[in-house]
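Since chain C is already given, all that's left is putting chain S on it; use the hints.
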Amino acid sequence: KAGVTQTPRYLIKTRGQQVTLSCSPISGHRSVSWYQQTPGQGLQFLFEYFSETQRNKGNFPGRFSGRQFSNSRSEMNVSTLELGDSALYLCASSPTGAGEKLFFGSGTQLSVL
Amino acid sequence: AQSVTQPDIHITVSEGASLELRCNYSYGATPYLFWYVQSPGQGLQLLLKYFSGDTLVQGIKGFEAEFKRSQSSFNLRKPSVHWSDAAEYFCAVGAGQTGANNLFFGTGTRLTVIP
Numbered sequence: 001k002a003g004v005t006q007t008p009r010y011l012i013k014t015r016g017q018q019v020t021l022s023c024s025p026i027s028g029h030r031s032v033s034w035y036q037q038t039p040g041q042g043l044q045f046l047f048e049y050f051s052e053t054q055r056n057k058g059n060f061p062g063r064f065s066g067r068q069f070s071n072s073r074s075e076m077n078v079s080t081l082e083l084g085d086s087a088l089y090l091c092a093s094s095p096t097g098a099g100e101k102l103f104f105g106s107g108t109q110l111s112v113l
Numbered sequence: 114a115q116s117v118t119q120p121d122i123h124i125t126v127s128e129g130a131s132l133e134l135r136c137n138y139s140y141g142a143t144p145y146l147f148w149y150v151q152s153p154g155q156g157l158q159l160l161l162k163y164f165s166g167d168t169l170v171q172g173i174k175g176f177e178a179e180f181k182r183s184q185s186s187f188n189l190r191k192p193s194v195h196w197s198d199a200a201e202y203f204c205a206v207g208a209g210q211t212g213a214n215n216l217f218f219g220t221g222t223r224l225t226v227i228p
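Chains as they are written, first to last, in the numbering used here: chain C, 1 to 113; chain S, 114 to 228.
I should point out that these hints are in silico values taken from the structure, not numbers from a laboratory. Any given hint might turn out to be false.
Claimed, not checked - Here are some chain S residues the structure puts well away from chain C; computed CB gaps all over 12 Å:
no.: 1; residue: Ile124
no.: 2; residue: Ser131
no.: 3; residue: Arg135
no.: 4; residue: Phe176
no.: 5; residue: Lys181
no.: 6; residue: Arg182
no.: 7; residue: Ser186
no.: 8; residue: Asp198
no.: 9; residue: Pro228
As the list claims (entries may be wrong) - Only pairs whose alpha carbons sit at most 25 Å apart, straight line, appear in this in silico PhoX-like list of lysine-lysine:
no.: 10; chain 1: C; residue 1: Lys101; chain 2: S; residue 2: Lys174
no.: 11; chain 1: C; residue 1: Lys1; chain 2: S; residue 2: Lys174
no.: 12; chain 1: C; residue 1: Lys101; chain 2: C; residue 2: Lys57
no.: 13; chain 1: C; residue 1: Lys101; chain 2: C; residue 2: Lys1
no.: 14; chain 1: C; residue 1: Lys101; chain 2: S; residue 2: Lys181
A virtual CB, placed ideally from N, CA and C, is assigned to each residue, including glycine.
Excised from the complex, chain C in its bound form (with noise of 0.2 Å):
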């Protein structure tokens, strides 16, 4: 079974710009989360979709947002990006999000510069 795919690896854009960051679940898995991970910040959870709903969602402004399809692939959008965006940015998906083990994909690095 193939693991949780993230592209791209690597990105890099400029002040102002936006991104969009692609998840492909495990197949059968119908819970996708993001976090994002920095030196200083650590890692910190963003939102969850579960059969294309946001269940549950973080602490960040409203630039950041995400979408998922009826395949349970998602993507996440950065809008008006800003240099404390830069980040490993890591999508984890699971069956039903109630509690399993979480599985990582191995993340999108974006620097914005």
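For chain S alone, coordinates are given in the frame of chain C:
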């Protein structure tokens, strides 16, 4: 609100020595507790989790952790460390079933293993 403290930023141990990584959490009810490991350039892999029941939890790669409610701790242990265990270790707490994918992570402990 949930929070997790990992007091040790960096630990160095000799190969074959025992290991204990500390984790203290703050949560009002019985928490869902996890230990994840991250190798450089990789995502996180679950080592073990505690939801209820036996307070000593066995995980993969020979790791175990003990939940101590009185100390709000969930320390990770391994009796004999291997060089391949060098990585960053994260303790995390979840808010219950539907909130279990909304995890609060500690800042991590980097483990260095010397021959």
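Hint by hint, here is what the structure shows:
No beta-carbon of chain C is positioned within 12 Å of the beta-carbon of Ile124/S; the least distance is around 17 Å. Against the 12 Å criterion, Ser131/S stays outside the reach of chain C, whose nearest CB is about 26 Å from its own CB. Residue-level check passed: Arg135/S sits 16 Å from the nearest beta carbon of chain C, beyond 12 Å. With 12 Å as the threshold on Cβ separation, the claim that Phe176/S sits away from chain C holds: the shortest Cβ distance comes to roughly 14 Å.
The Cβ of Lys181/S lies farther than 12 Å from every Cβ of chain C, with a closest approach of about 21 Å, so its non-interface assignment holds. Remark: the non-interface label on Arg182/S is consistent with the geometry, its nearest Cβ contact in chain C lying 18 Å away (cut-off 12 Å). The claim that Ser186/S is not at the interface with chain C holds, since no C-beta of that chain comes within 12 Å of its own (minimum 19 Å). The beta carbon of Asp198/S sits about 18 Å from the closest Cβ of chain C, which is more than 12 Å, so the claim that it is off the interface holds.
With a minimum CB-CB distance of about 28 Å to chain C, Pro228/S clears the 12 Å threshold, and the non-interface call stands. Restraint check for Lys101/C and Lys174/S: the C-alpha separation of about 16 Å stays at or below 25 Å, so the hint holds. For the hint linking Lys1/C to Lys174/S, the alpha-carbon distance of about 21 Å falls within 25 Å, and the restraint holds. With a CA separation close to 19 Å, the supplied pair Lys101/C and Lys57/C stays within the 25 Å bound.
For the proposed pair Lys101/C and Lys1/C, the alpha carbon gap of about 16 Å is at most 25 Å, so the pair holds. Pair hint Lys101/C plus Lys181/S holds up; C-alpha atoms about 21 Å apart against a cutoff of 25 Å.
Going through the hint list in order, the structure satisfies each hint without exception.
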